[in-house]
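Asks: With the hints as extra help, turn the sequences into a complete structure.
The primary structure of each chain is shown beneath.
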Amino acid sequence: MSLDRTDVEKIAHLARIAISEDEIPATTAKLSGILDLIDKMQAVDTSNVTPLAHPLETIQRLRADEVTESNQRDAYQAIAPATEEGLYLVPKVIE
Amino acid sequence: MQWEIVIGLEIHAQLTTASKIFSGSATTFGAEPNTQASLIDLGMPGTLPVLNAQAVRNAVKFGLAIDAEIGMTNVFARKNYFYPDLPKGYQTSQMDHPIVGKGHLDITLDDGTVKRVGVTRAHLEEDAGKSLHEDFHGMSGIDLNRAGTPLLEIVSEPDMRSAKEAVAYAKTIHSLVRYLGICDGNMAEGSLRCDCNVSIRPKGQAEFGTRCEIKNVNSFRFIEKAINTEVQRQIELIEDGGKVVQETRLYDPNKDETRSMRSKEEANDYRYFPCPDLLPVVLEPSFIEEVRGELPELPQQKRERFESQFGLSTYDASVLSASRELADYFEQVQQTCGDAKLAANWVMGELSSLLNKEGLDIEQSPVSATQLGGMILRIKDNTISGKIAKMVFEALAAGEGDSADAIIDAKGLKQVTDSGAIEAMLDEVLAANAAQVEQYRASDEAKRGKMFGFFVGQAMKASKGKANPQQVNELLRKKLEG
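So the sequence lines, in the order shown, correspond to chains A and B.
Number 38 in the UniProt record's numbering belongs to position 38 of the first sequence; there are no gaps in the numbering.
Number 276 in the UniProt record's numbering belongs to position 276 of the second sequence; there are no gaps in the numbering.
Warning: the hint list may mix true and false statements.
In silico SDA-like cross-links for lysine to any residue, where the CA-CA straight-line distance does not exceed 25 Å [as the list claims (entries may be wrong)]: (1) K79/B to D39/A; (2) K79/B to A12/A; (3) K40/A to L3/A; (4) K390/B to E325/B; (5) K30/A to E325/B; (6) K88/B to C275/B; (7) K88/B to D39/A.
Everything labelled a hint here was simulated from the structure, so no lab data went into it.
Replies: In structure tokens, the structure reads:
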């Protein structure tokens, strides 16, 4: 399966990754190569194999419903670029 | 053209837990911004989620209550999108293997008919944070206290055919999650939020029309209004030769209209994949049975019991079983007075209108169930009439006495049942209205009914409402005929 330029631009946008104009051909080729490999794997008959959700053969452990965290806001916000009134400030996002 | 409306709802119920779904942060509502947001909730590199056992238990409880298949092996997946109140860049949710599979729920419509609505699935997921767009020097403020709060997203089949049915379904879910104690149902605080999928199709057509999703409707009244407004918009659009575009819309209650929120089709490309940070959740049959054993009597079971045990109508039984608190109150009144019908009438009548007027919940009722039951006992043993009882009830509500008996004593409201005393009083009334008595006796049967009412009114007034009405009727008739 081969991707074209618009596919790559769309994927880059969805992943919020900036790709410069001259990177596009190489990226397109690499991603298409990965999809080719997936095509090969798709060809294997897996009708008798249970789908795998996780490579580790163990199950999720659960946590007791207890509050174990305390307020560390000041420590966490010390590395934030901008805060005000306890809020993290980000570029305006309203649409 | 006759249109058929097709509605499916997605309800997000915030699960009642002390801590978040994947971290040990508190979930208390209304805390100072970001004081309940830990490194995990902030999506810091190197942190790992650990699933909250109570969230799992709550979801299973819901599944069992709607008779659903339980996902004995269920899997968390990442739903990828970018928004600043979603620090990880993905929401941890469930996709192909949800914890609750196909189930169903019976809803009671206004006319008393029962309709079965399918539930497609219900899955566990984390809530996002909150964005505040007020002016922070041209920036947005982010509060991540809500990020990671456990949600159960309950997805219905497109089985509803009117806004009223959709509201009935939403109310049934609301009542159910509160009965189960898995969600506080507080819609104003966002504990229960509803997305409505609405489409229309020509009556008789099998395939569905294109649907629009109305996001985040936060009251039952708005669910009904938003759906009706959206249906009207779609009908007008199609009848004018246009086409419905699949999109997300917002309901504006002030303008009573829905408007397009975004049409970014690509934003819906969530690229789900199994979350590598979480292992599959495997439930043991013994755990399922343990949770089944914790299920309380459910609204529907309670309604059926109220009908069979107390002989109440379907309507009365469904009103009284709508919330656990109201049902408990009613049952306590019933136990105190031993008369289910009178108890139902008073709870649904005087008490409900009092609570409505004062804007109170049943738990805040100024009249306790024991007080109301005690008062009904006095109606039953003829100490007071139904009319006087309303005065006693008002006095109880105003806190003028601890019990109906105390108020009846203090105000001298005891009903007069001594027929001698009633006769004497009637003689006075008839003497004072001699002309009317003459008129009555001269009239034919047809006209007498209304005139008789006049004498009853005068007699009750003379006795300040305390004379036993049956006795007044009986004795008065005798005297007038005689």
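Asks: Holds or violated: are the alpha carbons of K40/A and L3/A at most 25 Å from each other?
Replies: Judged against 25 Å, a Cα distance of about 16 Å means the pair holds.
Asks: Holds or violated: K88/B with D39/A, Cα cutoff 25 Å?
Replies: Violated: K88/B and D39/A sit about 30 Å apart, past 25 Å.
Asks: Holds or violated: are the alpha carbons of K30/A and E325/B at most 25 Å from each other?
Replies: Given pair K30/A, E325/B is violated - Cα atoms ~63 Å apart, limit 25 Å.
Asks: Sort out whether C275/B lies within 25 Å of K88/B, counting only the CA atoms.
Replies: Roughly 12 Å between the alpha carbons, so the hint for K88/B and C275/B holds.
Asks: Between K79/B and D39/A, does the CA-CA distance stay at or below 25 Å?
Replies: Given pair K79/B, D39/A holds - Cα atoms ~24 Å apart, limit 25 Å.
Asks: Between K390/B and E325/B, is the straight-line Cα distance small enough, at 25 Å or below?
Replies: Holds, at about 23 Å.
Asks: Does the alpha-carbon distance linking K79/B and A12/A stay inside the 25 Å limit?
Replies: At roughly 17 Å apart (the allowed maximum being 25 Å), A12/A and K79/B satisfy the hint.
Of the numbered hints given earlier, the model fails hints 5, 7; all others are met.
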